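Protein chains in written order, with the numbering used here: chain A, 1 to 307; chain B, 1 to 327.
Calculated from the structure, these hints are not laboratory results. Don't take each hint at face value.
[As the list claims (entries may be wrong)] Partial selection, computed: residues in chain A whose CB lies under 10 Å from chain B:
1) Pro202
2) Thr206
3) Ala207
4) Ser208
5) Ala209
6) Lys210
7) Gly211
8) Val212
9) Gln216
10) His221
11) Asn225
12) Leu298
Since we're looking at a predicted model, the values are computed, not measured. A virtual CB, placed ideally from N, CA and C, is assigned to each residue, including glycine.
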Amino acid sequence: MLRFLAIRFGRAALTIVLVVTFAFVVLRLSGDPAITIMSPEAPPEALAAFRTAWGLDQPIWVQYLRYFGAIFQGELGQSMRDGRPALTLVIERIPATLALTLPAFAMKIALGIPAGVYAALHRNSLTDRLVMAGAVAGFTVPSFVLGLILVLVFAVKLGWLPSGGQESWRSAILPVITMGLGGAGVLARFTRSAMLEVLGQPFIRTASAKGVPWGQVVRGHALPNAAIPTITIVGFMVGSLIAGAVVVESVFSWPGVGRLLVVAVANRDLAVVQCILLLVASTMVVSNLTVDLLYGVLDPRLRGRTS
Amino acid sequence: MNEPLVAIRGLTVAFNGVPALRGIDVDVGKGEAVGLVGESGSGKSVTWLAALGLLPATARVAGSVTLGGEELLGAAPARLDDVRGGRIAMIFQDPASALNPVHRIGKQITEALRLHRGLTGAAARAEAIRLLEQVGIPDPRRRIDIYPHEMSGGQNQRLMIAMALAGQPELLIADEPTTALDATIQAQILDLLRRLRAETGMALVLISHDLGVVADMCDRVGVMYAGRIVEEAAADDIFAHPAHPYTAGLLAALPDMDGPRRRLEAIPGFVPEPWAMPPGCAFAPRCDRATDACAAAMPAARDVTARHTATRHTAACLHPRVREFAL
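Just chain A, same shape as in the assembly (with noise of 0.2 Å):
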């Protein structure tokens, strides 16, 4: 076990630590954050001062291993934009995006797997291919069409909701609806495909033979085998917690994590993007290590190869 756990942190380590390098290199080479930040026409010893001051004009594996080591002391850089520390930053819009990404993962949950087991349950009749043409569509149309359609139903046509920002709890009603919706899509399909697998094994076969009544089968025997392959599309779900958002905060103009992204992104606000990527790598990381643990737990075959 202690073996497992460790080789599974290790991996969870270089995972991160790609995810962190990649998006060093790449925003790197895309843009010179002196020019976006003071503008193509400020004077050249301006510029020079400006990449002087941020370690700019260092060589970039130097910059890496300046940043690497920074972050073993806890230190994610300023924000090139305002001076302030990049984490503190972020950690500012955090609760607005969970405000959001909590509640639509609760739909996603409490819509996507009823609905799929349900599918399962009444294969091929009308409310199955009604349910899953709607969970097609709920996970195919993209988060900026659904959420435009939904602000100009019901913010410009209807008035009951409000387009945007974020004035009062109102305002998180059409962003959560539109997230909510394509995961709860995206859920109810692989619920319905991993119900449907195990309702076609041999064991749901032998407990209606020893008498176990209908319902009994469906929650004691093939909720617990489906829930195996369904927790890994949970994980995905919480792993996205932080940066799912990018889109539909764009959409509503929400004050979140992912218009802080994209916003840091458009400037090469350099130190703000790596902190948050560095966030949303470790978060699908820990969700991810949390569903490997949670396998275990699922699934006693598992357990052996463990330990």
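Since chain A is already given, all that's left is putting chain B on it; use the hints.
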């Protein structure tokens, strides 16, 4: 046999309009051991899955299946749940996949004890341990808390049998119970079934493609071909004097245990596909005794011997092999 425990009459099953069973009549008496033999796809398993309502909803089932006079086809789900595992239990071919991988062994048995005998808690656990002991699983006190994947295939089939016994059934349907197991384990499982039958007096339906196993275990044997029973007789009778050319063909394809070595004779041709059944006898295209009449209409089962025997010997054949009696 006066009042059969289970009587199947005119049972037909079709999947998406393709017939799988084309009129099956079977009786199982109290405490009797009946064998069903035939190739895969002949309908042996489907017969009993249909009888217990275990086929998917897409299967169209018609005919009659009675248990102690009570009709099971179309019975209310709650009634069927009482029968399944309670009065008629069933075990399957591949025990490893027939057991729920995420439930402990104890739970799989106590579930049946709760449903059929109202046992819960410590009483159920004690009874589960007794059942594991009865089917010969060593160290049941420890084994009760492990998972199916931690046991061998043979142990898993014993566990399946223990689960089946939990409801104290009057009839056990064993669907190819040893097919997935090694030969030595096979013999152990068959011994176990024989011993349990002696201990409990339950009836047994043994579904198998292995004629030797059936001959060894069963009082009476039905031979199935393409969704019908083509011959039925006492086990000794059918192997000594096969009347249907298909049964004779099956026996000729088996090596003799004693007796001189000889070439095994395979039956020429193939089983017709279920969607392209000939109107007459399904075996006629492969049969060297077939005449034009065989292809015209399905022959009904009829007695093949005038001699009075305890068990009728019937064959669905217009030209059965005539039994020669020593005079």
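With a cut-off of 10 Å on the beta carbons, see whether serine 208 of chain A makes it to chain B. Serine 208 of chain A check passes; min Cβ-Cβ to chain B is 6 Å, inside 10 Å.
Per-residue hint verdict: proline 202 of chain A, partner chain B, C-beta under 10 Å: holds (4 Å)
Hint validation: alanine 209 of chain A versus chain B, beta carbon distance must be below 10 Å. Holds or violated? Cβ of alanine 209 of chain A sits 4 Å from chain B, so the hint holds.
Does threonine 206 of chain A pass the interface hint, meaning its C-beta sits closer than 10 Å to a C-beta of chain B? This hint holds: threonine 206 of chain A lies near chain B, its Cβ roughly 5 Å from the closest one there, short of 10 Å.
Glycine 211 of chain A was flagged as interface toward chain B. Is the shortest Cβ-Cβ separation under 10 Å? Interface hint status for glycine 211 of chain A: holds (3 Å vs cutoff 10 Å).
Should the interface hint for glutamine 216 of chain A be scored as holding, given a Cβ-Cβ cut-off of 10 Å against chain B? Status holds, d = 8 Å.
Evaluation of the interface hint that places histidine 221 of chain A against chain B, nearest CB under 10 Å: holds (5 Å)
Minimum beta-carbon distance criterion (10 Å), valine 212 of chain A to chain B: holds (6 Å)
Would the stated hint for asparagine 225 of chain A survive a check requiring a Cβ distance to chain B of less than 10 Å? holds (6 Å)
Leucine 298 of chain A was flagged as interface toward chain B. Is the shortest Cβ-Cβ separation under 10 Å? holds (7 Å)
Hint check: 10 Å Cβ-Cβ cutoff, lysine 210 of chain A to chain B: Holds, because the Cβ-Cβ distance from lysine 210 of chain A to chain B comes to roughly 4 Å (cut-off 10 Å).
Can we keep the alanine 207 of chain A interface hint, with Cβ of chain B closer than 10 Å? holds (7 Å)
Hint check: no violations occur; every hint is consistent with the structure.
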